[in-house]
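Student: Sequence lines, in order, name chains D and U.
Reading the first sequence from the start, the letters are residues 1 to 249 in our numbering.
Reading the second sequence from the start, the letters are residues 250 to 566 in our numbering.
Treat the hints with care, as some may be off.
Straight-line C-alpha distance at most 16 Å; calculated EDC-like pairs for lysine to aspartate or glutamate [stated by the list, open to error]:
no., chain 1, residue 1, chain 2, residue 2
1, D, K220, D, E107
2, D, K229, U, E536
3, D, K229, U, D485
4, D, K217, U, E388
5, U, K523, U, D534
6, D, K234, U, D550
7, D, K229, U, D524
8, D, K217, U, E369
9, U, K560, U, D524
10, D, K220, U, E369
11, D, K217, D, E107
12, D, K2, D, E107
13, D, K2, D, D235
14, D, K220, U, E388
15, U, K560, D, E238
16, D, K229, U, D440
17, D, K246, U, E505
18, U, K449, U, E536
19, D, K246, U, D358
20, U, K533, D, D235
21, U, K448, U, E505
22, D, K146, U, E557
23, D, K234, U, D544
24, U, K560, D, E148
25, D, K234, U, E369
26, D, K234, U, E557
27, D, K2, D, E58
Some chain D residues near chain U, calculated using beta-carbon distances under 7 Å [unchecked claim]:
no., residue
28, D124
29, N126
30, Q130
31, W136
32, E159
33, D170
34, L179
35, E183
36, Y186
37, L189
38, L216
39, V221
40, P224
Derived from the structure by calculation, the hints contain no laboratory data.
Ideal Cβ positions, reconstructed from N, Cα and C, are used throughout, including at glycine.
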Amino acid sequence: MKRILVSIKRVIDYNVRIRVKPDGSGVVTDGVKMSINPFDEIALEEALRIKEKGLAEEILAVSIGPVDCQQQLRTALAMGADRAVHVQTDVAVESGCAAKLLLKLVEREQPVLAILGKQAIDDDCNQTGQMLAALWGRPQATFASKVEISGDRAQVTREVDAGLEVIEVDLPAVITTDLRLNEPRYVKLPDIMKAKKKPLETIEPSALGVTPVERLKAVKVDPPSMRSKGVMVKDVSELFSALRSKGLV
Amino acid sequence: MSKILIVAEHRDGKLNPAIAKCVHCASQINGAEIHIAVFSNEPSSVAADAARISGVAKVVTVIHPAHAHALASNIAPQLAEIAKGYSHVFGPSTTFGKDLMPRVAALLDAPQASDIMAVEGATRFRRPIYAGNAIVTVEVVAGTQLVATVRTASFEPAAVGATSAPIEDATFSAALPTHTRFVSISAARNDRPDLQTAKKVVSGGRALASADNFKILYQLADRMGAAVGASRAAVDAGYAPNDMQVGQTGKIIAPELYMTFGISGAVQHLTGIKDARTIVAINKDPEAPIFEVADFGLVGDLFQVVPELEKLLASNG
Ligand SMILES: Cc1cc2nc3c(=O)[nH]c(=O)nc-3n(C[C@H](O)[C@H](O)[C@H](O)COP(=O)(O)OP(=O)(O)OC[C@H]3O[C@@H](n4cnc5c(N)ncnc54)[C@H](O)[C@@H]3O)c2cc1C
Chain D
1 MKRILVSIKR
11 VIDYNVRIRV
21 KPDGSGVVTD
31 GVKMSINPFD
41 EIALEEALRI
51 KEKGLAEEIL
61 AVSIGPVDCQ
71 QQLRTALAMG
81 ADRAVHVQTD
91 VAVESGCAAK
101 LLLKLVEREQ
111 PVLAILGKQA
121 IDDDCNQTGQ
131 MLAALWGRPQ
141 ATFASKVEIS
151 GDRAQVTREV
161 DAGLEVIEVD
171 LPAVITTDLR
181 LNEPRYVKLP
191 DIMKAKKKPL
201 ETIEPSALGV
211 TPVERLKAVK
221 VDPPSMRSKG
231 VMVKDVSELF
241 SALRSKGLV
Chain U
250 MSKILIVAEH
260 RDGKLNPAIA
270 KCVHCASQIN
280 GAEIHIAVFS
290 NEPSSVAADA
300 ARISGVAKVV
310 TVIHPAHAHA
320 LASNIAPQLA
330 EIAKGYSHVF
340 GPSTTFGKDL
350 MPRVAALLDA
360 PQASDIMAVE
370 GATRFRRPIY
380 AGNAIVTVEV
390 VAGTQLVATV
400 RTASFEPAAV
410 GATSAPIEDA
420 TFSAALPTHT
430 RFVSISAARN
440 DRPDLQTAKK
450 VVSGGRALAS
460 ADNFKILYQL
470 ADRMGAAVGA
480 SRAAVDAGYA
490 PNDMQVGQTG
500 KIIAPELYMT
510 FGISGAVQHL
520 TGIKDARTIV
530 AINKDPEAPI
540 FEVADFGLVG
550 DLFQVVPELE
560 KLLASNG
């Protein structure tokens, strides 16, 4: 069966104003809206479109983390994923460990594609997809803004600093998504009902033979240094004079 | 003692200026010995530039026809091979480094610290999380090899030294994978300064309302000798190409002057300009969040402000 594996990370919603805890132990998450990482939502949308074109048969959504991740997996199932796997753990999972866990699932499920978000908007690491590709010994097409599958190959347009790069990869491969790849669909109410009946498997990291270890410890979290509010100028000539006096124009 | 390997990014025979910034970052680790690795089909000019960066002790070149185009799947196995014996492996936090370094980290089974913005010791670094709304201090377990990308907006470039470090060739017998192939790159070529290194940047948002209207910003930029940037909304709408996007998922820049026209100031945009020396905001909404961070703010219609500003620049040239 032609299968696509998609990663789903539970993160603080991108519209929430982030507050650092006064004791420096992290950021406030209590009572804060949580969502699917926006890049992962794009990954799932892309998988759904590939399936709708008849180029894949099953979409497997995977999340790693505490029991609450199942909410995001249910949303993924409502969007159209066929099946979900929740790797349940309460300890911090670094990208390297997430990649090892995903690799175990890749070996079990044999997908033709693994599509991941290019980064998660909480830790902003931008690592897991590339690490999975390395461990799997397969191609990586990161920061994708266009994906075209033909036969056992994919042509991927990548957003790079210089512009747009096109590469061709043999499948199976890992793709990581950029924001302009697609616009994810909205979930409809009947789909939420249907999603409740779709299979969601829970598995411990130990059952996959992986023990999460922390190698990069977070010592403390601080708020960023704030820029101070400057001055308002009344018109263009005052702006020009201000910039001129600083030697900027 | 720390031994640090930095991977060179280059294009058209030129070393990316981000590498001198990586060297500066690495040199903040006490007593570090810094080496640079160049992967190329024709490394000589790039290696010569790298060897002249002050603080660099050695340059290692890896010559292979496959390195005519930088592909992570080709560079990573060779870089991981060379990197054995180094305490740290650094790359720039550009799309090149972001693509490559995690692949290397996984091959080395090393953790990676992304976007390091400050060095607090050989094992301790600071990096932004949540689009720069929080800064985490991370500590790697002693004795663990660390891979990192360097947030180049946080570091000045290391100086060009008077002497050149030795250049050595490394050779590999193992075949490179053929599963990933370069097809093409479409890079907008223009005569304007490069967005990532420009001293001045003029940037436009959704308010520009069309690609055609963006021309008024190009004109202004040309008069000022500035690069042009854009918000995600402007890029998504097709008013500007993707390589102009500034922010969390675009470029992180630190120019002396950053002027925004019709950009609201979303956190994802602001994270890309936190280190700009002077920020100027032109927006018709006095409540726009961009004014909270602007050094100079002007409430007004950009379609009036831009031509007026250009006129003043022309007459006071
Ligand atoms: C995961 C994620 C990552 C993101 N990454 C980025 C990123 O890297 N970079 C980025 O920029 N955004 C990013 N965004 C998007 C970001 O949240 C905002 O949506 C975006 O920055 C808004 O762009 P804008 O300011 O141009 O548009 P708007 O927010 O629509 O603002 C337009 C502004 O123009 C003003 N205006 C309108 N007409 C005029 C006029 N005639 N004269 C003067 N002012 C006028 C309005 O008052 C308004 O303030 C990201 C979002 C997410 C979810």
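Student: Would you mind marking each hint as holding or not holding in the structure?
Tutor: Hints and how they fare:
1. D/K220 / D/E107: violated, 36 Å
2. D/K229 / U/E536: At roughly 13 Å apart (the allowed maximum being 16 Å), U/E536 and D/K229 satisfy the hint.
3. D/K229 / U/D485: Given that 16 Å is the threshold and the Cα spacing comes to 29 Å, the pair is violated.
4. D/K217 / U/E388: At roughly 5 Å apart (the allowed maximum being 16 Å), U/E388 and D/K217 satisfy the hint.
5. U/K523 / U/D534: violated, 21 Å
6. D/K234 / U/D550: Distance of about 13 Å is within 16 Å: holds.
7. D/K229 / U/D524: Holds, at about 14 Å.
8. D/K217 / U/E369: Distance ~14 Å between D/K217 and U/E369 Cα, so the pair holds.
9. U/K560 / U/D524: violated, 29 Å
10. D/K220 / U/E369: Within the cut-off at roughly 13 Å; holds.
11. D/K217 / D/E107: violated, 29 Å
12. D/K2 / D/E107: Between D/K2 and D/E107 the Cα gap is close to 14 Å, so the pair holds against 16 Å.
13. D/K2 / D/D235: violated, 62 Å
14. D/K220 / U/E388: holds, 10 Å
15. U/K560 / D/E238: With Cα atoms ~14 Å apart, U/K560 and D/E238 stay inside 16 Å; holds.
16. D/K229 / U/D440: violated, 34 Å
17. D/K246 / U/E505: It holds: about 11 Å lies between the C-alpha atoms, which stays within 16 Å.
18. U/K449 / U/E536: Violated - the C-alpha atoms of U/E536 and U/K449 are around 25 Å apart, more than 16 Å.
19. D/K246 / U/D358: violated, 49 Å
20. U/K533 / D/D235: Holds, at about 12 Å.
21. U/K448 / U/E505: Status holds; Cα separation ~5 Å.
22. D/K146 / U/E557: violated, 40 Å
23. D/K234 / U/D544: Answer holds: D/K234 to U/D544 is near 14 Å, not above 16 Å.
24. U/K560 / D/E148: Judged against 16 Å, a Cα distance of about 48 Å means the pair is violated.
25. D/K234 / U/E369: Violated - the C-alpha atoms of U/E369 and D/K234 are around 43 Å apart, more than 16 Å.
26. D/K234 / U/E557: holds, 14 Å
27. D/K2 / D/E58: holds, 6 Å
28. D124: The hint holds - D/D124 has a Cβ within 7 Å of chain U, the shortest such distance being about 6 Å.
29. N126: holds, 5 Å
30. Q130: Holds - the Cβ of D/Q130 comes within 7 Å of chain U, reaching about 4 Å at its closest.
31. W136: violated, 9 Å
32. E159: holds, 5 Å
33. D170: holds, 4 Å
34. L179: holds, 6 Å
35. E183: violated, 9 Å
36. Y186: Violated, about 18 Å.
37. L189: violated, 28 Å
38. L216: For D/L216, the interface hint holds, since the closest Cβ of chain U sits about 4 Å away, which is under 7 Å.
39. V221: holds, 5 Å
40. P224: holds, 5 Å
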